[in-house]
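Visitor: Working from the sequences, and respecting the hints, build out all of it.
Listed below, chain by chain, are the residues.
There are 2 protein chains.
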Amino acid sequence: MSNKKRPLILVSNDDGITAKGIRVLVEVMCELGEVVVVAPDSPQSGMGHAITIHSPLKLFPSPVFSDLGVEAYHSSGTPADCIKLAKHEVLAERKPDIVVSGINHGSNTSVSVLYSGTMSAAMEAAMSGLNAIGFSLCDYGHDADFSHVRALVKKITSEALSKGLPEATVMNVNFPAAREEPILGVKICRQAQAAWHESVEKREDPYGRPYYWLSGKFINPDKGEDTDEWAIAHNYASIVPCEFDLTAHHAIGVLNEKWEL
Amino acid sequence: MSNKKRPLILVSNDDGITAKGIRVLVEVMCELGEVVVVAPDSPQSGMGHAITIHSPLKLFPSPVFSDLGVEAYHSSGTPADCIKLAKHEVLAERKPDIVVSGINHGSNTSVSVLYSGTMSAAMEAAMSGLNAIGFSLCDYGHDADFSHVRALVKKITSEALSKGLPEATVMNVNFPAAREEPILGVKICRQAQAAWHESVEKREDPYGRPYYWLSGKFINPDKGEDTDEWAIAHNYASIVPCEFDLTAHHAIGVLNEKWEL
Numbered sequence: 001m002s003n004k005k006r007p008l009i010l011v012s013n014d015d016g017i018t019a020k021g022i023r024v025l026v027e028v029m030c031e032l033g034e035v036v037v038v039a040p041d042s043p044q045s046g047m048g049h050a051i052t053i054h055s056p057l058k059l060f061p062s063p064v065f066s067d068l069g070v071e072a073y074h075s076s077g078t079p080a081d082c083i084k085l086a087k088h089e090v091l092a093e094r095k096p097d098i099v100v101s102g103i104n105h106g107s108n109t110s111v112s113v114l115y116s117g118t119m120s121a122a123m124e125a126a127m128s129g130l131n132a133i134g135f136s137l138c139d140y141g142h143d144a145d146f147s148h149v150r151a152l153v154k155k156i157t158s159e160a161l162s163k164g165l166p167e168a169t170v171m172n173v174n175f176p177a178a179r180e181e182p183i184l185g186v187k188i189c190r191q192a193q194a195a196w197h198e199s200v201e202k203r204e205d206p207y208g209r210p211y212y213w214l215s216g217k218f219i220n221p222d223k224g225e226d227t228d229e230w231a232i233a234h235n236y237a238s239i240v241p242c243e244f245d246l247t248a249h250h251a252i253g254v255l256n257e258k259w260e261l
Numbered sequence: 001m002s003n004k005k006r007p008l009i010l011v012s013n014d015d016g017i018t019a020k021g022i023r024v025l026v027e028v029m030c031e032l033g034e035v036v037v038v039a040p041d042s043p044q045s046g047m048g049h050a051i052t053i054h055s056p057l058k059l060f061p062s063p064v065f066s067d068l069g070v071e072a073y074h075s076s077g078t079p080a081d082c083i084k085l086a087k088h089e090v091l092a093e094r095k096p097d098i099v100v101s102g103i104n105h106g107s108n109t110s111v112s113v114l115y116s117g118t119m120s121a122a123m124e125a126a127m128s129g130l131n132a133i134g135f136s137l138c139d140y141g142h143d144a145d146f147s148h149v150r151a152l153v154k155k156i157t158s159e160a161l162s163k164g165l166p167e168a169t170v171m172n173v174n175f176p177a178a179r180e181e182p183i184l185g186v187k188i189c190r191q192a193q194a195a196w197h198e199s200v201e202k203r204e205d206p207y208g209r210p211y212y213w214l215s216g217k218f219i220n221p222d223k224g225e226d227t228d229e230w231a232i233a234h235n236y237a238s239i240v241p242c243e244f245d246l247t248a249h250h251a252i253g254v255l256n257e258k259w260e261l
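Same order as they appear, the protein sequences are chains X and V.
Under this note's numbering, the residue at position 186 of the first sequence is numbered 186, and the numbers go up by one with no gaps.
Under this note's numbering, the residue at position 205 of the second sequence is numbered 205, and the numbers go up by one with no gaps.
Some hints could be false.
The list treats identical chains as one, so a pair stands whether inside a single copy or across any two.
What the hints assert, rightly or not - In silico lysine-lysine, BS3-like type, Cα no more than 27 Å apart, as pairs:
(1) Lys258 x Lys95
(2) Lys163 x Lys95
(3) Lys258 x Lys154
(4) Lys258 x Lys163
(5) Lys258 x Lys202
(6) Lys58 x Lys258
(7) Lys5 x Lys202
(8) Lys155 x Lys20
These are calculated hints, taken from the structure and not from any lab test.
Computed from a predicted model, the values in this text were never measured in an experiment.
Guide: Below, the structure written as structure tokens:
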């Protein structure tokens with residue numbers, strides 16, 4: 001053992017503290033450093049970057065990871081709330097060396113990053129200057145197989161810890177679902193220019209009143225071989241470095257030229 | 001009157017269908033075209049880009065704008081949900097020429113765009129290829145004065161309708177709160193590199209259990225005169241063209257060079 005201080009790793013997610021994906025992530029992180037978990041007490045998928053400002057939040061110690069000797073808390077809040085509570089209450093006196101979120105049960109490639117609670121936890125951390133990575137597995141199953149991604153989760157987090165992240169970015173990591181062959185490697189990618197083509201299903205409740213279910217199909221017309229979608233389809237892990245400056249800098253000149261205001 | 005077909009304008013917001021800001025927006029839009037409203041039935045501030053995928057949504061006709069002869073619906077969903085319901089249920093047979101969201105009671109400058117329900121409605125529309133603008137007034141008051149922004153809301157929307165928006169962008173428009181002097185003009189800006197420095201206040205409920213309130217202070221170290229924050233502080237309206245490709249393109253090369261994966 002080296003004498004170097006073990007890194008402090010904050011773990012969160014959006015599937016809730018009892019999900020299989022966060023257990024795998026916590027187990028892997030225990031090999032790299034001291035782990036503290038602050039995660040939602042129930043699933044928060046699709047919560048985007050929601051925060052809770054008009055109602056109070058609950059935060060309680062959780063025994064979920066006591067078998068691993070890991071300090072853990074569950075909160076009534078969203079993933080972004082969990083990061084805020086972690087920073088200002090649980091870790092008020094300490095600064096995590098990295099924040100990891102996931103492993104999400106389901107893909108967060110392409111524009112799904114905008115709807116992703118997993119990524120919003122990572123984004124929230126990055127926005128306050130912390131190193132942060134969101135991990136997702138492209139398998140929605142409650143009991144999805146995560147065994148093929150453990151080594152890569154460890155490797156990617158190790159690289160981030162030792163070499164750092166580009167300033168003002170957050171990593172969106174996606175893994176292909178388990179196949180017979182192992183994952184072929186890791187590609188640094190851009191976000192595919194794809195979209196969800198949603199559908200709305202109208203039903204009637206027992207009292208004759210309408211209600212609606214949202215669902216959708218992911219359509220990707222972007223055939224670029226440098227996209228996260230291409231990587232996943234070809235059995236590579238994808239890493240998209242994301243930024244939270246949403247400014248379309250190229251559009252500023254266009255608007256100044258065309259619009260008369 | 002010209003014979004040109006009047007544009008179809010879809011209006012939503014995040015403060016809920018009865019907020020003052022959406023009434024002002026609907027009134028102004030009625031001067032420009034045919035208006036349809038689909039908005040949340042209650043306030044949804046801070047909802048980020050949340051969507052509702054694990055529970056059904058309600059959608060009912062609303063009499064709120066009947067005095068203006070405007071077709072309106074309120075939904076139990078988030079702002080992004082409202083846009084999906086509008087596209088696939090209310091306007092299933094028609095395509096809006098533009099989607100406008102707001103006028104938000106409160107600022108959505110800088111990184112607040114990521115937490116903003118107002119902007120998530122606009123973003124959702126833009127992601128499906130529609131022209132979209134989010135409007136916010138930097139005044140949180142329930143009964144804020146919107147009279148000084150009416151002319152500019154009309155002008156900006158008219159320009160967007162007649163000249164179009166740069167591809168794959170959505171406009172984040174903020175107005176300064178009413179002062180004695182009128183707004184000095186409109187600046188096309190970049191998002192200020194600022195952050196919320198939140199605080200967490202711990203209290204105890206009547207049963208002795210802890211609960212927490214999130215609040216925060218906006219800190220802007222970015223002194224650039226091309227930012228939305230600068231514009232608002234100097235009594236200009238700001239327009240930030242935003243994109244939903246979050247890829248930090250400059251970071252791809254850096255990661256390929258530095259990380260060994």
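Visitor: Confirm or reject each hint.
Guide: Hints, one by one, checked against the model:
1. Taking the closest pair of Cα atoms, Lys258 and Lys95 come within 27 Å of each other only across two copies (24 Å); inside a single copy the shortest separation is 47 Å, beyond that limit.
2. For the homomeric pair Lys163 and Lys95, the shortest alpha-carbon distance inside one copy (18 Å) is at most 27 Å, but the shortest distance between copies (49 Å) is not.
3. Taking the shortest Cα distances, Lys258 and Lys154 sit within 27 Å of each other only across copies (17 Å), while inside one copy they are farther apart (49 Å).
4. Only between protomers do Lys258 and Lys163 lie at most 27 Å apart by alpha-carbon distance; the minimum there is 7 Å, versus 44 Å within a single protomer.
5. Taking CA atoms no more than 27 Å apart as the test, Lys258 paired with Lys202 passes in neither setting, with 42 Å inside one copy and 51 Å between copies.
6. Taking CA atoms no more than 27 Å apart as the test, Lys58 paired with Lys258 passes in neither setting, with 50 Å inside one copy and 41 Å between copies.
7. Taking CA atoms no more than 27 Å apart as the test, Lys5 paired with Lys202 passes in neither setting, with 57 Å inside one copy and 31 Å between copies.
8. For the homomeric pair Lys155 and Lys20, the shortest alpha-carbon distance inside one copy (20 Å) is at most 27 Å, but the shortest distance between copies (52 Å) is not.
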